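Top to bottom, those sequences are chains S and E. So in the numbering used here, spot 15 of the first sequence is number 15, and the numbers just go up one at a time. So in the numbering used here, spot 342 of the second sequence is number 342, and the numbers just go up one at a time.
The set of hints was computed from the structure by calculation and includes no laboratory data. As the structure is a prediction and not an experimental result, all values here were calculated from the model. Any given hint might turn out to be false.
Unchecked claim - Covered, in the sense of this in silico footprint (three residues per stretch, anywhere, with C-beta under 8 Å from a C-beta of chain S), are these stretches of chain E:
| hint | region |
| --- | --- |
| 1 | 9-23 |
| 2 | 29-40 |
| 3 | 254-262 |
| 4 | 278-291 |
Glycine included, each C-beta is placed from N, C-alpha and C at the ideal position.
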Amino acid sequence: MFIHYVDLAWRSFKRTPLVSIVMVSAIAVGIGITMTSLSVYHMMSMDPIPSKSDKLFAVQLNTMDDGNQWWTDDNLPQQITYKDAIALYQADIGQAGMKIRKVPSTRTGFSVHMDRSTTKPFLESTRLTGRDFFDMFELEFEYGGAWSTQQEKSAAPVVVISHSLNQKLFGGANSIGKVINLDETKFQIVGVTKHWDIHTKYYDLTNGAFNNTENLFIPVSLLTTMELPTWGNTNGWKFEEVNTHQDKLNSELLWLQFWAELDSHEQVQQFENYLQAYLQEQGSLGRFDRRAQQFAVRDVNTWLDYNRVVSQDNRILVGLSFMFLIVCLANILGLLLGKFLKRAPEIGVRRALGANKTQVFMQHLVEVSMLGLFGGIAGIGIAQLGLWGVRQSYDYYSALATMDISMLVAAPFIAVFSCILAGMYPAWLVCKTAPAIYLKTQ
Amino acid sequence: MLEIKPIFNSLLRSKAGAVMLLVQIAITVAIVSNAAFIISDRIAYLHQDTGYPEHEIFSFSVVTFGDDVDRVQKIQENVRMLRNVPGVINAVSLTEIPLSGSGSASSFSLSSEPDNSGQNGVRAAYVMGDEHSLDTLGVEIAQGRNFTAQDVIVFDSEGPMVNVMIASKPFVDEIFPSGDGLGKTVYFGNNPIKIIGIVDKMMGPWLKDRAAEHFVIMPLVRDSRFQKVLVRAHPAQRSVIMARVEQLMLDNYDKRVITNIRALDKAKADYNAEDILMMRMLIVIIVVLVLVTALGIFGLTVFNINKRTKQIGTRRALGARKSDIIRYFLVENCIICLVGISIGAIAAVYLGQLLLLHYELPALDNSFIAVTIVLVLCMSLLSVLMPAYKAANISPSIATRSV
Chain S
1 MFIHYVDLAW RSFKRTPLVS IVMVSAIAVG IGITMTSLSV YHMMSMDPIP SKSDKLFAVQ
61 LNTMDDGNQW WTDDNLPQQI TYKDAIALYQ ADIGQAGMKI RKVPSTRTGF SVHMDRSTTK
121 PFLESTRLTG RDFFDMFELE FEYGGAWSTQ QEKSAAPVVV ISHSLNQKLF GGANSIGKVI
181 NLDETKFQIV GVTKHWDIHT KYYDLTNGAF NNTENLFIPV SLLTTMELPT WGNTNGWKFE
241 EVNTHQDKLN SELLWLQFWA ELDSHEQVQQ FENYLQAYLQ EQGSLGRFDR RAQQFAVRDV
301 NTWLDYNRVV SQDNRILVGL SFMFLIVCLA NILGLLLGKF LKRAPEIGVR RALGANKTQV
361 FMQHLVEVSM LGLFGGIAGI GIAQLGLWGV RQSYDYYSAL ATMDISMLVA APFIAVFSCI
421 LAGMYPAWLV CKTAPAIYLK TQ
Chain E
1 MLEIKPIFNS LLRSKAGAVM LLVQIAITVA IVSNAAFIIS DRIAYLHQDT GYPEHEIFSF
61 SVVTFGDDVD RVQKIQENVR MLRNVPGVIN AVSLTEIPLS GSGSASSFSL SSEPDNSGQN
121 GVRAAYVMGD EHSLDTLGVE IAQGRNFTAQ DVIVFDSEGP MVNVMIASKP FVDEIFPSGD
181 GLGKTVYFGN NPIKIIGIVD KMMGPWLKDR AAEHFVIMPL VRDSRFQKVL VRAHPAQRSV
241 IMARVEQLML DNYDKRVITN IRALDKAKAD YNAEDILMMR MLIVIIVVLV LVTALGIFGL
301 TVFNINKRTK QIGTRRALGA RKSDIIRYFL VENCIICLVG ISIGAIAAVY LGQLLLLHYE
361 LPALDNSFIA VTIVLVLCMS LLSVLMPAYK AANISPSIAT RSV
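In isolation and in its complexed conformation, chain S is listed as follows (with noise of 0.2 Å):
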């Protein structure tokens, strides 16, 4: 019987043509606005690593005197000072075998060049972390691996590289215990990471949250040796004088980020112990002046909410869109009521032939799901056409603005229930008639 209705659907759609274009070309501009505002959406606002969200907490720590505002909802700053980085990287917390792994991160940079001079030189950021981090934000590698804790310790000069500075500079080869020259320091290669397929950067979201991944991973502790200046924001509450940069690791200036795995709601417990105890040792100090001591630790999709980074004006066009499509439905609505009835002559005769009202709804329905679909799919491209222009006018939104499988999938599903929702009403009209009236005129 479906493959009946599916036939006389296509019938009428064929005796029709143009109102069926019209409909067909309503549904998919509805379709393809909504599918290009909603997609950039479902990506900003993905869960970046679905296996772990749960168990990575970024840490917050208000080491301000009291009468100080910061920005943020609560009023914590959203990075922590080098001091506090560090002794919290270095604390060993929890049962022997059950240590809670954390890293310290921040941005740097430097001048990529090779001996050879075929290369020009380039600019590349760079992230200084822990070499938990790779584990942590389940980052694999192609070619060797992480740094060891010797090297760590010792702050010896080596680097991870990405999969695309290693075909940039060696072509994708096994570059394990090759020399590259970041300004005038000459680092060996220790690893070289996979793809990192993440839309946000959800380690660090301090200079835009969409904005590429570091292509050079380096040891922490090359931070102090180095001298490295930091490529990331820094915010300060209060007045420092900092000019070397021993100033700048003693003061309160707030610049790198902190990141802890938390396996179970115990760690969690232990950890937000360790903090309290941690920061009213350091009041006690007299290292800040605060009645309370105030702290927070927030798990990948909770700290992704309260950066806000889905933006506002992604928001309302994705509310303008579905009332958008509305229009759409409404206008296909319209449409559909006019070839619905002007067909109820033969309506009329079928219902009289036996055909009950049930079987006349269905057959309806199952023609508007067919225009639904029809729209559903060329929605799809018009929404492509959208999502190009979005990459075109912004860059940054280059690997935000696409369609993944779950959007594609559920493009042509939204536009065939939302025409099923704007037919249902018509079908119904149409199988309620009386056949005895269009018997009579006939």
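Given the coordinates of chain S, assemble chain E onto it according to the supplied hints.
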């Protein structure tokens, strides 16, 4: 005269189509007025006067990795070289580039003692550069004087700190509300700095910042691996010079990377890319929405006419003129349109308030609703005119023919 009563009655008999049209018109009014308002808000923001001749200026970054030169001297030498390039008006090494979204800011206060009352002075973005800064930025001193070579300090941690600055008027007026800030002293940390010059308008690096107009220039040159250079050139020659500048700089000394060569208007557009994108998407939505709604009105009228072919024929046979038929459809459409517009206007105000409540948008200006209403009304009349004219041409003989 307009036969509103019978038209209204006949509308009530076939409500559904009319209601759908009404919904479309209402939502169209709500969306178009709000979207147009957001667009005009962004246009005003994007086209605001920044104080700089943006089309004449470009900037680039110099990252030196070689340790065998004095970077301060080198960059000064390079900047002098650039000034001699034909077409260049002036060039300077600045610590940050205005409008680019990257910069430094600090609080400036009236006393050197930081008080803990939360009153931490007035925040302003600042850059350091020498006496060529103002001319390269293309801004003019409104009060006081420009820097001289004697004002410029080459920084080392032991030596003296700057003691003069040039500031934008909005900043000076905020810290000295009586408007007599010229010659007064403000504190940058512990350092007293005298305001020797005021520029009416020069924007800082962040146009979205609440204190976007607060901008301060201090006459200081300091060593850094990361230097930025600002060049002002004749607009016609800017792109040619931009294309040459990397080679010019590397020919002079090559243990460095020249990057980020960017026109100032491009830098501003990059910083505002999200607003430009939002604007474009809204424009697309408005245009397509109006088209879809027009199509809907067109379709519904055509459908109504087809349904009433016999009725129209009968009316014509009974003596109705063509203009009567056209008028019938116009009036019918107007009734639907007016009801839709009224609902739409209310929805627009409500949507505006919703956006105001949840997002950082200014309150919807009602004139946008008014303009949208007129526009939608015109559009709906236009889209009904063609089918109505066609209806008027239905021959009276149709009425006498059976199906």
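Evaluation of the provided hints:
1. 9-23: This one holds; 5 residues, not fewer than the three required, reach chain S with a Cβ under 8 Å.
2. 29-40: holds (count 5)
3. 254-262: This one holds; 4 residues, not fewer than the three required, reach chain S with a Cβ under 8 Å.
4. 278-291: Holds, because 8 residues of the region 278-291 of chain E bring their Cβ atoms closer than 8 Å to Cβ atoms of chain S.
The structure fails none of the hints (numbered hints given earlier).
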